[in-house]
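*Asks:* Below, each chain spelled out in residue letters.
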Amino acid sequence: MTDDDLRTTLRRADPAASLPPLAPTRVAHLLEQTMATPYADAPAQTATPSRWRRPALLAAATVIALAAAGAGWLTLRPSSGDDPAGTAAPVSAAPSVTRLTGSGIAAKCIAPTAQVLAERADLAFAATVRDVAGDTVTLQVTHVYKGAAIDLIEVPQAPGASEGLMGSGAFEAGKKYLVAASQGSIMTCGYSGEADVEGLSALYDTAF
Amino acid sequence: MDARRERFEAIAPAVIDAVRRYLARRTDPATADDVLSETLLICWRRLDEMPPEHLPWAYGVARNCLANAERGRRRQARLTARIAILDPPPEAVAGPAASDTDLTAVLAAMRPEDAELLRLWAWEDLTPPQIALVLGISANAATIRLHRSKQRLRKLIEAAGHEESTEGSRP
Chain A
1 MTDDDLRTTL RRADPAASLP PLAPTRVAHL LEQTMATPYA DAPAQTATPS
51 RWRRPALLAA ATVIALAAAG AGWLTLRPSS GDDPAGTAAP VSAAPSVTRL
101 TGSGIAAKCI APTAQVLAER ADLAFAATVR DVAGDTVTLQ VTHVYKGAAI
151 DLIEVPQAPG ASEGLMGSGA FEAGKKYLVA ASQGSIMTCG YSGEADVEGL
201 SALYDTAF
Chain B
1 MDARRERFEA IAPAVIDAVR RYLARRTDPA TADDVLSETL LICWRRLDEM
51 PPEHLPWAYG VARNCLANAE RGRRRQARLT ARIAILDPPP EAVAGPAASD
101 TDLTAVLAAM RPEDAELLRL WAWEDLTPPQ IALVLGISAN AATIRLHRSK
151 QRLRKLIEAA GHEESTEGSR P
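Heads up: the sequence lines are chains A and B, in that order.
When the letters of the first sequence are read in order and numbered with this note's numbering, they come out as residues 1 to 208.
When the letters of the second sequence are read in order and numbered with this note's numbering, they come out as residues 1 to 171.
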């Protein structure tokens, strides 16, 4: 029995062979129903009350390398007085800010390996949290393991986004973190977290 | 926003048709309806993550949603079983497979992983790399496993005397 015969035989038992196509009105209804549901992608510009209605699932995938001039205010704006851990923000001429998104609650975890980290991460760095404003966290990069040299990283502090972050599960001002990202989305599930979590820095050393 | 809607509207009808068939082959109509809506919603929310070859990806989403729905249903079934002792359902007789209906029984008697590979191959018409996408395994693994599943099915069909040549001349 050849592959083709086998396939033909199997197809005769296909229960969906006689399934009539869905009526166009039903298709339209399904589409409308689906698209009426809010989706989240672009990070919230300001902390408005409506952000609480955003679904935790963030559409991940965009790295927005902001023009230094556009984001310069982040570095230059007046210090709120609690400059964490004495990280005197180096007001260099043109700091580059990269924005990452979270992978959201869709992340499923298996044990992290250095190989996966090395293969999947296109950006990996050590950083200290400079400040937390609303649900935007600004990280001051101290060491780049992989990727272009950058100074500042913006990440969301959304509840869904930091799920799976090792350590306390959230970014806290002044603490040091190891963060890996793939296509603009933070890799959670044991690949990013507080720098002193057991095994994490060893994982980074092995991978890069 | 409008560009996003347009993109979704362009992709969705094909996804709806394919996923509907996928679900009709694997579950009851009510569950299929629920899981189809859920799958579409995930496609809508994660539109930016959808690869150009979106059907295998959508099957993968539907597969996860269906697994979730069935976990919930099994929980409910266990509860029902504790409340009422029902008439036992008619036993599936493992007799000789001699018709297409029995081929369904042959598939059901196989290891679920094997049967699913064969379904994805024959019914969804997917290639091993596409099957790999749906199941979240490597293309290599999909090729090897599909090959083995085909061999197992051949053996089962032959053991049951379900030869292609005798198929048409059945009384």
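A couple of the hints might just be wrong.
Using 25 Å as the maximum straight-line C-alpha spacing, the simulated SDA-like pairs for lysine to any residue come out as follows [as the list claims (entries may be wrong)]: (1) Lys176(A) <-> Pro112(A); (2) Lys155(B) <-> Leu6(A); (3) Lys146(A) <-> Lys155(B).
Here are the simulated distance ranges between beta carbons [as the list claims (entries may be wrong)]: (4) Gly147(A) <-> Gly136(B): 22 to 32 Å; (5) Arg12(A) <-> Ala67(B): 25 to 35 Å; (6) Ala14(B) <-> Thr113(A): 33 to 43 Å; (7) Glu70(B) <-> Gln33(A): 39 to 49 Å; (8) Glu158(B) <-> Gln33(A): 14 to 24 Å; (9) Thr142(A) <-> Pro29(B): 24 to 34 Å; (10) Ala111(A) <-> Ala141(B): 30 to 40 Å; (11) Ala67(B) <-> Pro24(A): 39 to 49 Å; (12) Gln76(B) <-> Thr25(A): 42 to 52 Å; (13) Thr80(B) <-> Gln115(A): 42 to 52 Å; (14) Gln76(B) <-> Phe208(A): 19 to 29 Å; (15) Glu70(B) <-> Ala114(A): 50 to 60 Å; (16) Gln151(B) <-> Val132(A): 55 to 65 Å.
Residues of chain A placed beyond 10 Å of chain B at every Cβ, according to the derived structure [as the list claims (entries may be wrong)]: (17) Thr9; (18) Pro15; (19) Gln33; (20) Asp135; (21) Ile150.
Don't read these hints as lab results, they were simulated from the structure.
Since the structure is predicted, the reported quantities are computational estimates derived from the model, not experimental observations.
Using N, Cα and C, we set each Cβ at its ideal position, and we do this for glycine too.
*Asks:* Give a verdict on every hint.
*Replies:* Verification of the supplied hints:
At most 25 Å may separate the alpha-carbon atoms for a hinted pair to count; Lys176(A) and Pro112(A) meet this at roughly 20 Å. The straight-line distance between the Cα atoms of Lys155(B) and Leu6(A) is roughly 11 Å, inside the 25 Å bound, and the hint therefore holds. As the CA atoms of Lys146(A) and Lys155(B) are separated by approximately 51 Å, the hinted pair breaks the 25 Å bound. Between Gly147(A) and Gly136(B) the CB atoms are about 26 Å apart, so this pair conforms to the stated range of 22 to 32 Å.
Between Arg12(A) and Ala67(B) the Cβ separation comes to about 27 Å, which falls inside the hinted range of 25 to 35 Å. Taken as a hint, the range 33 to 43 Å holds for the pair Ala14(B) and Thr113(A), whose Cβ atoms sit roughly 36 Å apart. In this structure the hint that Glu70(B) and Gln33(A) lie 39 to 49 Å apart at CB is violated, the actual value being about 23 Å. At roughly 48 Å, the beta-carbon separation of Glu158(B) and Gln33(A) lies outside the given 14 to 24 Å, and the hint is violated.
For Thr142(A) paired with Pro29(B), a C-beta distance near 57 Å fails the hint of 24 to 34 Å. As the Cβ distance of Ala111(A) to Ala141(B) is approximately 19 Å, the hint placing it in 30 to 40 Å is violated. Taken as a hint, the range 39 to 49 Å is violated for the pair Ala67(B) and Pro24(A), whose Cβ atoms sit roughly 30 Å apart. At roughly 32 Å, the beta carbons of Gln76(B) and Thr25(A) sit outside the given window of 42 to 52 Å.
Look at Thr80(B) against Gln115(A): about 46 Å separates their beta carbons, and that is inside 42 to 52 Å. About 48 Å separates the C-beta atoms of Gln76(B) and Phe208(A), a value inconsistent with the hinted range of 19 to 29 Å. As the Cβ distance of Glu70(B) to Ala114(A) is approximately 36 Å, the hint placing it in 50 to 60 Å is violated. Under the hint 55 to 65 Å, the C-beta atoms of Gln151(B) and Val132(A), about 58 Å apart, fit the expected range.
At the 10 Å boundary, the C-beta of Thr9(A) falls inside the reach of chain B, the nearest C-beta of that chain being 6 Å off. Its beta-carbon lying about 5 Å from the closest one in chain B, Pro15(A) breaks the requirement of being farther than 10 Å from that chain. Some Cβ of chain B comes within 10 Å of the Cβ of Gln33(A); the nearest lies about 7 Å off, and the non-interface call is violated. Under the 10 Å C-beta cut-off, the non-interface status given to Asp135(A) relative to chain B holds; the minimum distance is some 19 Å.
In this structure Ile150(A) is separated from chain B by more than 10 Å, as the shortest Cβ-Cβ distance comes to about 23 Å.
Hint check: violations occur at hints 3, 7, 8, 9, 10, 11, 12, 14, 15, 17, 18, 19; the rest are consistent with the structure.
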